[in-house]
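The residues making up each chain are set out below.
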Amino acid sequence: MPIRAPHRLTTAALGLLAAPLAHAGPTELRLWHAYRGQEEAALEAAIDAWDAAHPDVVVLSLSIPPDALKTKFEAAAPRGNGPDLLISAHERVGEWVTAGLIAPWPEPEAGLHPATVEALRYDGRLYGLPLASKSLVLFINTALVAEAPADTDALRALRGALPAGVYPLAYQSTDAYFHAPWMHGFGGGVRGPDGFQLDTPENAAALTFARSLVTEGLLPEEPTGALVTQLFNEGLAATVINGPWFLGEIDPSVKFKVAPLPIISGLGRRAAPYLTVEGLLLSAHAGQPALAMELGAHLIRPEVAADRAAIGRQTVATLAAYDDPRLTDDDVIEAFRAQLDATVPMPNVPEMGATWEPSARALRRVMRGGMGPEEALEEAQRELVYFSRPAPPAVDSTPYLLALGAAVLAGLVTLGRQASQRRAELADSLRAFAWVAPAALSMALLVLIPFGVGAAVSLFAHRSGTWTFVGLTHFFDILLARDWPITSNFSFYATLAVTVLWTVSNVCLHVGIGVALAMLLREPWLKLRGMYRVLLILPWAVPNYITALIWKGMFHRQFGAINGVLVALGLEPVSWFSKFSTAFAANLATNTWMGFPFMMVVTLGALQAIPRDLEQAAEVDGANAWQRFRHVTLPLLRPALLPAVVLGSVWTFNMFNIIYLVSGGEPDGGTEILISEAYRWAFSRGNRYGYASAYAVLVFGVLLLYSRATNRILGRGAA
Amino acid sequence: MSSLSARAPSPLRVAMAHALLIVACAAVLYPVLWVLKMALTPSQAFSMDPSPFPSTISLQNFIDVLSTTDAYGGRLFFRQLANSLIVAVVTSALGIGLSCTAAYAMSRFRFVGREAGMSMFLITQMFPGVVMLIPLYILLDSLALLDSLLGLALVYSTTSIPFCTWNLKGYFDTIPRELEEAALMDGASRWTIFTKIVLPLAKPALAVTGLFSFMTAWNEFILAATLMSDERAYTLPVVLQKYVGDFSTEWGRFAAGAVLVSVPVMALFFALQKQLVEGLTAGGVKG
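Protein chains in written order, with our numbering: chain A, 1 to 719; chain B, 1 to 287.
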């Protein structure tokens, strides 16, 4: 039972130890971050200045894609491969402290915005230096509205004052992060007096308010980030709630200004967004903590921070930086600075991660009008309680070890007996083994071992950096549907049913379309065959990450191309992601687009090997085109198609990208498949890696059963 | 009267075939054109406009992507392109190298565990990657293969071995054995037969198998970002992924990068068209 004790280093003491260790060659100081563009340029400039003053130190900074930063740090730091410093959003602090990955930082001198310092405090100690912060603000298109609406009544009043077709407000209203300003403005929040509490009257009032924005026509429907940007750039949204990253998306021709979010009319409280602090964190495994802290002190100095604000357009935490002449006239920086005083720091405790999914689900239910705020929040609270439930009781591992030992022994005995019985055969096989060895050994090393280790994780429960051995508890919980009714979207069986439906319908469409197109493309009389063939395999060549998102955009309720076509045909537009059937269809269409070329090419290849005289004979006998295909061509295609179908179905079964990027599980997790559920348990429901791993093992089990079944069919071909 | 006889098919039939294919091509091209449009539009916003053609054209996004530099002012893009090419080519070579003998054995020899081995290879396709990342990191660290392009290529090639083996075995099955039997009679060793007769005959399948391994390596970024800790060792997909932020994505640059990344693959598809059709057997065709 590896339980990792919180690894708290007294960094000052270590700093002293490290100082005399100066050795030949420059000391390396490693810094990881996820900045890009101007922010990265500003950081690099600041580091270069420090580097120049420290000839014996070389700072190696590395920009890592945000999606990979967390996993990479968690994998690398304990192995001593991590950085000395990393820049990360502060909400990961609690998790990393409990996992023993980051070390405390001494209290800094005054001069930093207090909210940014407090955000980095965990269990009473400071972990990291605040470099900059991000929060939502109000962007105003000054061609449409001269003055920033001071309160929500003023915002509402815009409705009558704006030209037809212009929305008074646009923001990603179904995203919990974007809803948070209202929630806080109404006096609510995710935390009550006794821990996390979503079902409060204040939160219900905030939801009622947000819903009223939709019913009164102040907001566009299904406001995705892309749509919000587009509406603002085209002058169709007078105001937008968004963060500093939006500055890069505004069309240069649009005149705008930035202001703090409005006051909630009647309550007098200002809508308060979450504050996200970009903290400079010290790795608990840092080799050079003293130097690292020296670099940190440099980065928050007023003149350096002013550079970061002026070049990187960051809302820096160092207050004196705002006296810099470059910033005093900068209205945008000033507005972000003003909003900083009306923010709520995002809770940095590990449990916070589990609140997003229930909150978002409740929000979407209410915004769609499908559920009342109270009911939706009660449901969300139930989910949250389950997601953040303590680990199951620890289980004695002895019986498991004994069982494992017995299984290994039994396996060896059976193997030995088989070997002695089939000695002659084995001797004959030795030569073949040598041929298979390179593939088998490399797979055993780099595929089987990692999977075995990953699968063993399913026997442990993970809570905030602590692992408990729980044996098969996760499997019982999942398979006996102990926690949810069997029909709930969270139940394994419901998700399995969706996954099977997903796989079967995809493979049918891939094969159907692929075979049909291949039959057309083989005709010798068809002109431009080569061109068609090249065009039709394009979906294969473009990275699917980007095309999946484009498909998602095409399914937008109000502005998507698909509804555009439906309307042009005189049909009703469809709200694709609000119903299971249509959301599923959207996923299916996307994956079919990506998957049919493979089957088409396989079929084209197989068709080349089929002589056409059989078909001609059938034609002479009076068989029509369908009969010829059904009774002559298809049976000949079967041997080539079956293995492709088996492979294709395994790939589709685990096709995580499409589900995650297109429907995102909407509505209410209904379109999740097993692998995307496993992902959610691992990454958005309180890092329950053990439970997620149990899901992955079950996915594997299901596929194993499937391959057993298909083996019989394939066996005929393989023999 | 019909397509099968020597006579030309009816004009109606030809028109219908073209109409169907044009519709299919339009459906395929529309999203692809959209990527191109975002790449050529001088904005970082995701376009919701249904037209797949850009209203203003600018190469700025491409210039931005191509002109990224490292801390020492060195051009990163071409270095990362070189990394991607090295990793992808080594992955193809390793993938084929490690799997071709196994595929041949499975096609030609009867041996203990043959069926079990075949299904084992398929089974590994079923391992969900989510659970393997951290163990893989630890393993590569112990093997001193972290931060090495070779290590990355090794990981990619092992994930592509099952497909390679299946596909090559399927193609070897279609090669008549008589040739080999004659050579055996003449005293040639199995290895000579394999390298001198079978492999040259299997060129289309080798090309396709190589292309598949190439693409496995070419588009992957999670492993690459986790296993590499030097910007100059990054592969292109990692760099692309940097444009996808926590809160917002720089769509223009991301699309431009995606176009640049897709071009070599499209070129390969185009060059290998014929082999693609002949060589993709995915383990079947004949017993």
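Please keep in mind that the hints were generated in silico from the structure rather than gathered at the bench. It is possible that part of the hints are untrue.
Anything over 10 Å on all C-beta distances counts as not near chain B; from chain A, calculated [what the hints assert, rightly or not]:
1) 37
2) 230
3) 340
4) 372
5) 433
6) 544
7) 696
Examples of chain B residues lying across from chain A (beta carbon under 7 Å, computed) [claimed, not checked]:
8) 98
9) 132
10) 144
11) 184
12) 186
In this text, a Cβ means the ideal position worked out from N, Cα and C, and glycines have one as well.
Here is how each hint holds up against the structure:
no. : hint : verdict
1   : 37   : violated (7 Å)
2   : 230  : violated (5 Å)
3   : 340  : holds (17 Å)
4   : 372  : holds (30 Å)
5   : 433  : violated (7 Å)
6   : 544  : violated (8 Å)
7   : 696  : violated (4 Å)
8   : 98   : holds (5 Å)
9   : 132  : holds (4 Å)
10  : 144  : violated (11 Å)
11  : 184  : violated (13 Å)
12  : 186  : violated (19 Å)
The structure fails to meet hints 1, 2, 5, 6, 7, 10, 11, 12 from the earlier list, while all remaining hints are met.
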